[in-house]
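Enquirer: Chain residues, written in single-letter form:
Protein chains: 2
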Amino acid sequence: MHPELVDTLVIPNENKIVFLIMDGLGGLPGPEGQTELETAATPNLDALAKKNICGLLDPVGYGITPGSGPAHFSLFGYDPVKNNIGRGILEGAGIDFPMTERDLLIRINFATVDKDGLVTDRRAGRIDNETNRRICWKLQENIRAPEAVEVIFQPVKEHRAVLVIRGEGLAEEIQETDPQRLGKLPLPPLALAPVATVTERILAGVIKQAGEILADEPKANMMLLRGYAKYRRYPSLYERYRLNALAIASYPMYRGIARLLGMTIAAPTETIEEEIAILKQEYQNYDFFFIHVKATDSRGEDGDFDGKVKVIEQVDSLLPDIIALRPEVLVVTGDHSTPAALAGHSWHPVPVILAAPTCRPDLVAYFSERDCIHGGLGRMPMMYLMGQSLAHARRLEKFGA
Amino acid sequence: MHPELVDTLVIPNENKIVFLIMDGLGGLPGPEGQTELETAATPNLDALAKKNICGLLDPVGYGITPGSGPAHFSLFGYDPVKNNIGRGILEGAGIDFPMTERDLLIRINFATVDKDGLVTDRRAGRIDNETNRRICWKLQENIRAPEAVEVIFQPVKEHRAVLVIRGEGLAEEIQETDPQRLGKLPLPPLALAPVATVTERILAGVIKQAGEILADEPKANMMLLRGYAKYRRYPSLYERYRLNALAIASYPMYRGIARLLGMTIAAPTETIEEEIAILKQEYQNYDFFFIHVKATDSRGEDGDFDGKVKVIEQVDSLLPDIIALRPEVLVVTGDHSTPAALAGHSWHPVPVILAAPTCRPDLVAYFSERDCIHGGLGRMPMMYLMGQSLAHARRLEKFGA
Numbered sequence: 184m185h186p187e188l189v190d191t192l193v194i195p196n197e198n199k200i201v202f203l204i205m206d207g208l209g210g211l212p213g214p215e216g217q218t219e220l221e222t223a224a225t226p227n228l229d230a231l232a233k234k235n236i237c238g239l240l241d242p243v244g245y246g247i248t249p250g251s252g253p254a255h256f257s258l259f260g261y262d263p264v265k266n267n268i269g270r271g272i273l274e275g276a277g278i279d280f281p282m283t284e285r286d287l288l289i290r291i292n293f294a295t296v297d298k299d300g301l302v303t304d305r306r307a308g309r310i311d312n313e314t315n316r317r318i319c320w321k322l323q324e325n326i327r328a329p330e331a332v333e334v335i336f337q338p339v340k341e342h343r344a345v346l347v348i349r350g351e352g353l354a355e356e357i358q359e360t361d362p363q364r365l366g367k368l369p370l371p372p373l374a375l376a377p378v379a380t381v382t383e384r385i386l387a388g389v390i391k392q393a394g395e396i397l398a399d400e401p402k403a404n405m406m407l408l409r410g411y412a413k414y415r416r417y418p419s420l421y422e423r424y425r426l427n428a429l430a431i432a433s434y435p436m437y438r439g440i441a442r443l444l445g446m447t448i449a450a451p452t453e454t455i456e457e458e459i460a461i462l463k464q465e466y467q468n469y470d471f472f473f474i475h476v477k478a479t480d481s482r483g484e485d486g487d488f489d490g491k492v493k494v495i496e497q498v499d500s501l502l503p504d505i506i507a508l509r510p511e512v513l514v515v516t517g518d519h520s521t522p523a524a525l526a527g528h529s530w531h532p533v534p535v536i537l538a539a540p541t542c543r544p545d546l547v548a549y550f551s552e553r554d555c556i557h558g559g560l561g562r563m564p565m566m567y568l569m570g571q572s573l574a575h576a577r578r579l580e581k582f583g584a
Numbered sequence: 184m185h186p187e188l189v190d191t192l193v194i195p196n197e198n199k200i201v202f203l204i205m206d207g208l209g210g211l212p213g214p215e216g217q218t219e220l221e222t223a224a225t226p227n228l229d230a231l232a233k234k235n236i237c238g239l240l241d242p243v244g245y246g247i248t249p250g251s252g253p254a255h256f257s258l259f260g261y262d263p264v265k266n267n268i269g270r271g272i273l274e275g276a277g278i279d280f281p282m283t284e285r286d287l288l289i290r291i292n293f294a295t296v297d298k299d300g301l302v303t304d305r306r307a308g309r310i311d312n313e314t315n316r317r318i319c320w321k322l323q324e325n326i327r328a329p330e331a332v333e334v335i336f337q338p339v340k341e342h343r344a345v346l347v348i349r350g351e352g353l354a355e356e357i358q359e360t361d362p363q364r365l366g367k368l369p370l371p372p373l374a375l376a377p378v379a380t381v382t383e384r385i386l387a388g389v390i391k392q393a394g395e396i397l398a399d400e401p402k403a404n405m406m407l408l409r410g411y412a413k414y415r416r417y418p419s420l421y422e423r424y425r426l427n428a429l430a431i432a433s434y435p436m437y438r439g440i441a442r443l444l445g446m447t448i449a450a451p452t453e454t455i456e457e458e459i460a461i462l463k464q465e466y467q468n469y470d471f472f473f474i475h476v477k478a479t480d481s482r483g484e485d486g487d488f489d490g491k492v493k494v495i496e497q498v499d500s501l502l503p504d505i506i507a508l509r510p511e512v513l514v515v516t517g518d519h520s521t522p523a524a525l526a527g528h529s530w531h532p533v534p535v536i537l538a539a540p541t542c543r544p545d546l547v548a549y550f551s552e553r554d555c556i557h558g559g560l561g562r563m564p565m566m567y568l569m570g571q572s573l574a575h576a577r578r579l580e581k582f583g584a
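Line by line, the protein sequences give chains A and B.
If you want the working numbering, it's the 1-based position in the first sequence plus 183.
If you want the working numbering, it's the 1-based position in the second sequence plus 183.
Quick caveat, the hints were computed from the structure, so don't treat them as lab data.
You may find that some hints are simply not true.
It does not matter which identical chain is used: a pair holds within one copy or between any two.
[Unchecked claim] Below, in silico cross-link-like pairs of lysine-lysine (DSSO-like), each with a Cα-Cα straight-line distance of 30 Å or less:
#	residue 1	residue 2
1	LYS581	LYS477
2	LYS265	LYS581
3	LYS477	LYS265
4	LYS402	LYS265
5	LYS199	LYS493
This structure is a prediction, so every number in the text was calculated from the model and none was measured.
Using the sequences and the hints given, assemble the complete structure.
Expert: See the structure below:
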C-alpha cells in the first residue's frame with residue numbers, strides 16, 4: 184500500500200493528534216544490559232503503553248540509518264525515499280530562507296587552504312557565528328553573478344552557510360567539492376550528468392571568485408560545497424490530511440522541515456517544559472501538534488548514556504500535562520534511533536506508543552524496545568504511522584464499497 | 184512482493200482448502216475489557232489455534248477501513264487497491280446480472296422529490312421490494328434509449344436498483360447525483376473528465392426521462408445515481424490458482440464477488456448449519472471452499488456486542504464438522520473488523536488461524552486478537568493469505584533455481 188492512499192480518504196473533524204517526538208529515542212544496551220529507555224524510570228510512559236498499543240517503527244527500511252530529513256518525512260507520512268530531501272534545502276529551510284522553485288540550494292562549509300590551495304582545515308577552525316556573518320556579507324557584496332543567475336550567501340552557524348543559485352535550468356547533479364582529507368585540493372564542481380554542465384560552469388566561476396574575495400581571511404579563505412538540492416514544493420499536511428499543524432521545535436532543521444510541510448512554527452524555546460506550555464496555550468488553535476525533543480538525540484550523539492536516560496525521564500515527568508489535554512490521539516516515539524553506544528544515528532527500529540480510545544489493547548506493559556516488539560502495531564514502516572493516527576482520530580472514511 | 188507472483192508457481196493437486204470467513208470478525212474491547220472474540224467461549228477455535236499458526240491480517244493497509252469489496256478481493260489474493268471495484272459492479276454481481284465489457288453499471292437509490300424537484304426523502308420512504316420491481320418495469324417499458332446505447336433497469340431491494348448503460352465509449356468519471364441533504368436539487372451527472380462527456384449527455388437524458396416516467400409515483404418519483412463502474416473481467420481463481428472454487432454464501436454482495444472471481448455459487452441458505460451441510464455435500468466436487476458467515480458483521484454493525492459473541496460461539500460449535508472433513512488447509516478469519524463498539528467496519532487487523540499439517544507451530548494457545556499478535560504469521564497484508572494457503576496445500580512450486 185502506498186502511504187498516499189490515505190489522502191484520498193480524509194474527512195476533517197475536530198479531533199486532535201499530538202506527536203511527541205523524542206529525537207533519536209531508540210537505543211542499545213549499556214553496561215547493565217538495558218537500553219537508555221529501559222534504564223529510565225518512566226512510570227507515565229509505561230502506564231500509557233499498558234493501556235494502549237505499541238510497536239516498532241522502521242524509519243526508512245530494514246538496515247537503513249536515516250538522516251533527520253528522511254526520518255521526519257517518514258513520521259509525517261511522506262515516503263522518505265521518493266521524497267529524499269537534499270541537505271541544501273534542509274539548511275535553507277532551517278534558516279527560514281524564502282525558497283523559490285528556481286533555486287539551487289547548496290550547503291557551504293567554510294575551510295582553510297594553504298598558499299598552494301591545499302585544504303588544511305575542513306571547518307575553518309570552526310569560526311564563530313559573527314565571523315560567519317561577516318564573511319557571508321563580504322561574499323555577497325563582492326560577488327559578480329554570472330550568466331543571468333542570482334547568487335545569494337546566507338550564514339547558518341559556525342563554519343556552515345548556504346549558497347543559493349537562483350535562475351533557470353539549474354541542476355543538482357554536481358560533484359561535492361570537499362576532498363574529505365587534509366592536504367588535498369578542493370575537488371572541482373564537476374557535472375555528473377549532461378543536464379548539469381551549465382550549473383558546473385556557474386559554480387566553478389562562483390568558487391573561483393569566492394577564493395579571491397576571501398584570500399585575505401586568516402581562517403575561512405575557501406568554501407567547500409555539498410548537498411546540492413533544487414527546491415521543490417511538498418504538499419502540506421493541510422493539503423494532504425486537512426490538518427492545521429503546529430510545530431513546537433527549537434532546532435532550526437526541524438523547524439525547517441515542519442515549514443516545508445506547511446506547519447505553523449511556534450517561537451523557539453529553551454526547555455521541554457516551555458514546549459509543553461506552548462502546547463497548552465495553543466491547544467485550541469490547531470488540530471495536529473508536532474513536539475520535538477532534541478536532547479535525547481544530542482546525548483545519544485555525545486555517547487552519553489546516562490544523559491540520554493535523564494532526558495527520557497524528564498519527558499516522562501511532563502507526560503501527564505499532555506495527557507491532561509485529552510488529545511484523541513497521542514503518539515510517543517522518535518524519528519530514529521541514536522544509541523549512546525554508537526554515538527550516532529542507527530538503523531534500529533524505534534519504539535512507539537499510539538494512544539487513543541479506539542486502540543485494541545495488546546499485552547505490552549512497559550515502554551521499551553524489547554516490549555514493543557510484542558506490541559499490537561507490530562513492526563511497521565514509519566511512513567504508515569500518520570495513516571494509523573488519522574484512522575484512530577476518525578479522520579479517514581471507508582475505502583471502497 | 185506482488186501477490187501475483189504465486190500465480191506463476193501454481194501446480195495443481197488434489198488438496199483441499201477451506202476458507203471459513205466470519206465477516207467483520209475483528210473487534211474491540213467491551214465493558215469487561217475483552218473483545219467479542221475474547222469474550223466468546225471458543226474451545227474448538229482455541230484448540231485449532233494452539234495446534235496451528237495464527238496472525239493478524241491487514242485487509243488493505245495500515246489505518247485503512249475497507250468496504251466489503253476490497254476486503255474480499257484481498258482475501259482471495261487480489262490487490263485491493265489495484266482492483267478497487269465500483270459499487271455498481273458489486274450491485275450488479277449481487278443480483279447475478281449478466282455483465283458485459285460494454286456495460287457501465289450504476290447504483291440507483293430511488294428518492295422522493297417535491298413539486299420544485301427538491302429532494303424530500305433520499306430513500307423514497309424505503310419502498311418495498313414489490314414497488315421497486317414495479318417501478319423498474321415501468322422505467323424499462325417507457326424509456327427511450329438514446330444514442331445507440333441500451334438502457335437496463337434491474338431492481339435490487341427496497342429503494343435500491345441498478346442502472347446499466349450498455350454501449351461503446353462509456354466512462355465512469357461522472358459526478359454522483361445524490362445531493363446528500365434534503366431540500367436540495369439532485370446534482371447533475373457532470374463529466375469529471377473529458378472522456379466522460381458523451382456519458383454525461385446520455386445520463387442526463389435518462390434521468391430526465393425517468394423523472395417524467397415516475398412523475399405520478401407517490402414516493403419513488405426520482406432516481407439518484409452513484410457508484411458508476413465499468414465492468415471489467417477479473418481472472419478467476421481457476422485461471423490464477425487452478426482452484427475449482429465453491430462459494431457458500433447467502434448474501435447477494437458476497438455471492439456477487441465470488442461470481443466475479445469465477446467461483447461456483449451454492450444455493451443460498453438460511454443458517455450457518457445449512458452452509459456446513461452444503462460443504463459436506465459438495466466436498467468431493469471442488470477443491471476450494473469459501474464459507475461466508477454474515478451474522479458476525481451484522482451484529483457488529485448493530486453495535487450488538489453480545490449478539491456478535493453468540494454468533495462466534497455458534498461458529499465454534501460447528502467447527503468440528505469442518506475439521507472432520509480433514510481439509511489439507513483450513514483458514515479461519517474475517518474479511519475485516521466490525522467492532523460492536525464502533526458499530527461499523529474498522530481499520531483494525533483481523534485475527535487468523537491457518538491450519539495445515541505443514542504449519543510450524545507458534546506459542547499462541549487462544550484464538551483472540553491479542554494472542555494472534557504473537558502468532559507465527561505475524562502481521563501480514565491480507566492479500567498474501569491465499570499464497571500462504573496454496574503453499575500449505577503444496578500447490579506452489581519452488582521459485583527460481
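Enquirer: If a hint holds in the structure, say so; if it doesn't, say that too.
Expert: Outcome of the hint check:
no.	hint	result
1	LYS581 <-> LYS477	between (37 Å within a copy, 19 Å between copies)
2	LYS265 <-> LYS581	both (26 Å within a copy, 16 Å between copies)
3	LYS477 <-> LYS265	within (26 Å within a copy, 41 Å between copies)
4	LYS402 <-> LYS265	neither (39 Å within a copy, 53 Å between copies)
5	LYS199 <-> LYS493	within (29 Å within a copy, 36 Å between copies)
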